[in-house]
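These protein sequences, in sequence, are chains A and B. Straight run, no breaks: the first sequence in our numbering ends on number 334. Straight run, no breaks: the second sequence in our numbering ends on number 551.
These aren't lab readings, by the way, just hints derived from the structure by calculation. Glycine included, each C-beta is placed from N, C-alpha and C at the ideal position. One thing to keep in mind: the hints can contain errors.
Coverage of chain A stretches by chain B, computed from C-beta distances (three or more under 8 Å per stretch; other residues unrestricted) [stated by the list, open to error]:
| no. | region |
| --- | --- |
| 1 | 15 to 22 |
| 2 | 32 to 40 |
| 3 | 313 to 327 |
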Amino acid sequence: MNRHLISAADLSRDDALLILDTAEELARMSDRPIKKLPTLRGRTVVNLFFEDSTRTRISFEAAAKRLSADVINFSAKGSSVAKGESLKDTALTLEAMGADAVVIRHVASGAPHRLAGWIRGHVVNAGDGMHEHPTQALLDAFTIRRRLGLPPGAGATGAGRPTSRRGAGRGHAALDGVRVTIVGDVLHSRVARSNVALLNILGAEVTLVAPPTLLPIAVGGWPCEISYDLDAVLAKSDVIMMLRVQQERMRAAYFPSVREYSRRYGLDVGRMEALPEHAIVMHPGPMNRGVEIAAEVADSPRSTIVEQVANGVSVRMAVLYLLLGGAELPGEIR
Amino acid sequence: MTHAHPAGNGPADPRTSRASRSGDASDAGEVSAGLAGGKRVFEPAEIRRALTRIAHEILERTHGADDILLLGIPTRGVPLAERLAARAAEFEGRTVPWGALDVTMYRDDLRLRPARALGHTILPPEGIDGKTVVIVDDVLYSGRTVRAALDALTDLGRPRAVQLAVLVDRGHRELPIRADYVGKNLPTSQREMVRVLLAETDGEDAVLLGERRGALA
Numbered sequence: 001m002n003r004h005l006i007s008a009a010d011l012s013r014d015d016a017l018l019i020l021d022t023a024e025e026l027a028r029m030s031d032r033p034i035k036k037l038p039t040l041r042g043r044t045v046v047n048l049f050f051e052d053s054t055r056t057r058i059s060f061e062a063a064a065k066r067l068s069a070d071v072i073n074f075s076a077k078g079s080s081v082a083k084g085e086s087l088k089d090t091a092l093t094l095e096a097m098g099a100d101a102v103v104i105r106h107v108a109s110g111a112p113h114r115l116a117g118w119i120r121g122h123v124v125n126a127g128d129g130m131h132e133h134p135t136q137a138l139l140d141a142f143t144i145r146r147r148l149g150l151p152p153g154a155g156a157t158g159a160g161r162p163t164s165r166r167g168a169g170r171g172h173a174a175l176d177g178v179r180v181t182i183v184g185d186v187l188h189s190r191v192a193r194s195n196v197a198l199l200n201i202l203g204a205e206v207t208l209v210a211p212p213t214l215l216p217i218a219v220g221g222w223p224c225e226i227s228y229d230l231d232a233v234l235a236k237s238d239v240i241m242m243l244r245v246q247q248e249r250m251r252a253a254y255f256p257s258v259r260e261y262s263r264r265y266g267l268d269v270g271r272m273e274a275l276p277e278h279a280i281v282m283h284p285g286p287m288n289r290g291v292e293i294a295a296e297v298a299d300s301p302r303s304t305i306v307e308q309v310a311n312g313v314s315v316r317m318a319v320l321y322l323l324l325g326g327a328e329l330p331g332e333i334r
Numbered sequence: 335m336t337h338a339h340p341a342g343n344g345p346a347d348p349r350t351s352r353a354s355r356s357g358d359a360s361d362a363g364e365v366s367a368g369l370a371g372g373k374r375v376f377e378p379a380e381i382r383r384a385l386t387r388i389a390h391e392i393l394e395r396t397h398g399a400d401d402i403l404l405l406g407i408p409t410r411g412v413p414l415a416e417r418l419a420a421r422a423a424e425f426e427g428r429t430v431p432w433g434a435l436d437v438t439m440y441r442d443d444l445r446l447r448p449a450r451a452l453g454h455t456i457l458p459p460e461g462i463d464g465k466t467v468v469i470v471d472d473v474l475y476s477g478r479t480v481r482a483a484l485d486a487l488t489d490l491g492r493p494r495a496v497q498l499a500v501l502v503d504r505g506h507r508e509l510p511i512r513a514d515y516v517g518k519n520l521p522t523s524q525r526e527m528v529r530v531l532l533a534e535t536d537g538e539d540a541v542l543l544g545e546r547r548g549a550l551a
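Make a model of the complete structure from these sequences and hints.
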């Protein structure tokens, strides 16, 4: 593992599988009477949010608290940032407070990378501009693996017979050959970027579907297929991931009308029925019901939207544990 | 995964922290290197007899093993718990529950080594409340793993009693902990390493005792 989690593309296949397998163990904790582990006692995790995000912040907060870390929430509104403090000065303040890890969300792509150069603690990217959102990609991969019944790490060979796990990186199930279709506003979506990178690392085959105006210029170099026709790819999708139409980031007309977008790229009941029997429907939230996804689809048993939220806590616990839980030996620092 | 129990210069040295219980491929290599030419101190037949005796002792001490639960500590405590449960079941003619208890998140030496992968915790659906839990591990050394296991149990419920069964007790305790059932007392020096091999995890049954060659790092 690297010192920081800034981009899903930085993860090796073994790193990614270690996070998913660790999350799998931690997820089983949620039905215990005491949902707390002493592992990060005395460590401080700062949630540094320059952009509004309730669900991601509380997910990180719950994850850190379940590992017994102290959590400090720092939101830009009403703070010294509103008074004009720079990111660097904020970082140095956090450093002086003894933050062992900083979970940062920022409107500017690259802010977590800059932050990592200024502080000694670990940096976790919780979404930077239109760049990346690696923990979302990890929780999506985790959800896909669980829902499609792909076995977790080498240890889970048959219930009631716990065989041992021998060495990280051997015998773990990845997502090899799973066909994932990501639909919608790829241009503004850090979730899509992180997912394409991570799913590719894990061996899945990704297809992006979007109007040409909502695809980034450099998308040709991404490790995925491109399609402009949603109906053509439905039948060959094991997973369909609907992206939110990010009206707040759109400063130009990317499509003629919401209604037309919804007709061509929205997932309605008819399209859901065209999916294979086992296929699942994902959405990173928050949803625009009736725009990219119909309410009946969002509430159907195939939808994993609520599960994704629960899985987010387990995955973020795994990330915090793997970054903060052990020692850093001198050779490890990268 | 190492199950060597390298003797150390004290817990402050990260390279000598013992009994990492979780998957760490690089460790396994170090351990085999460290134990090259290790002496076999326990043959398969002796291991079998020791486990048979421990199973009888557990039944005797718990008056027929009503409400007992054998919990192995990964990695090698788990197959040992399974074997003990199978023997006890054979003697009593009914099933004896067993499971696994991963203690990684409760260890006191986490910050001395890079974060490690977690093992499985497998408990019966009815939980551990009111049970007599027998913790099963391969080697008892400093006692720190057992301390972590006791903490982990506290978070899982309230057993009626907790006992400890180990295949090898090599001494050098650092905490006030002792085993209730011991397969073999093995006097060792702190410089030596004890490694338990089991058919389920290593392809054969043996206990090796060797001089640690060079530093573990």
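Against the structure, the hints come out as follows:
1. Interface restraint, the region 15 to 22 of chain A with chain B: holds (3 residues with C-beta to C-beta distance below 8 Å; minimum three).
2. With 7 residues having a beta carbon nearer than 8 Å to a beta carbon of chain B, the region 32 to 40 of chain A meets the requirement of three or more and the stated coverage holds.
3. With 7 residues carrying a beta carbon less than 8 Å from a beta carbon of chain B, the region 313 to 327 of chain A meets the three-residue requirement, and the given coverage holds.
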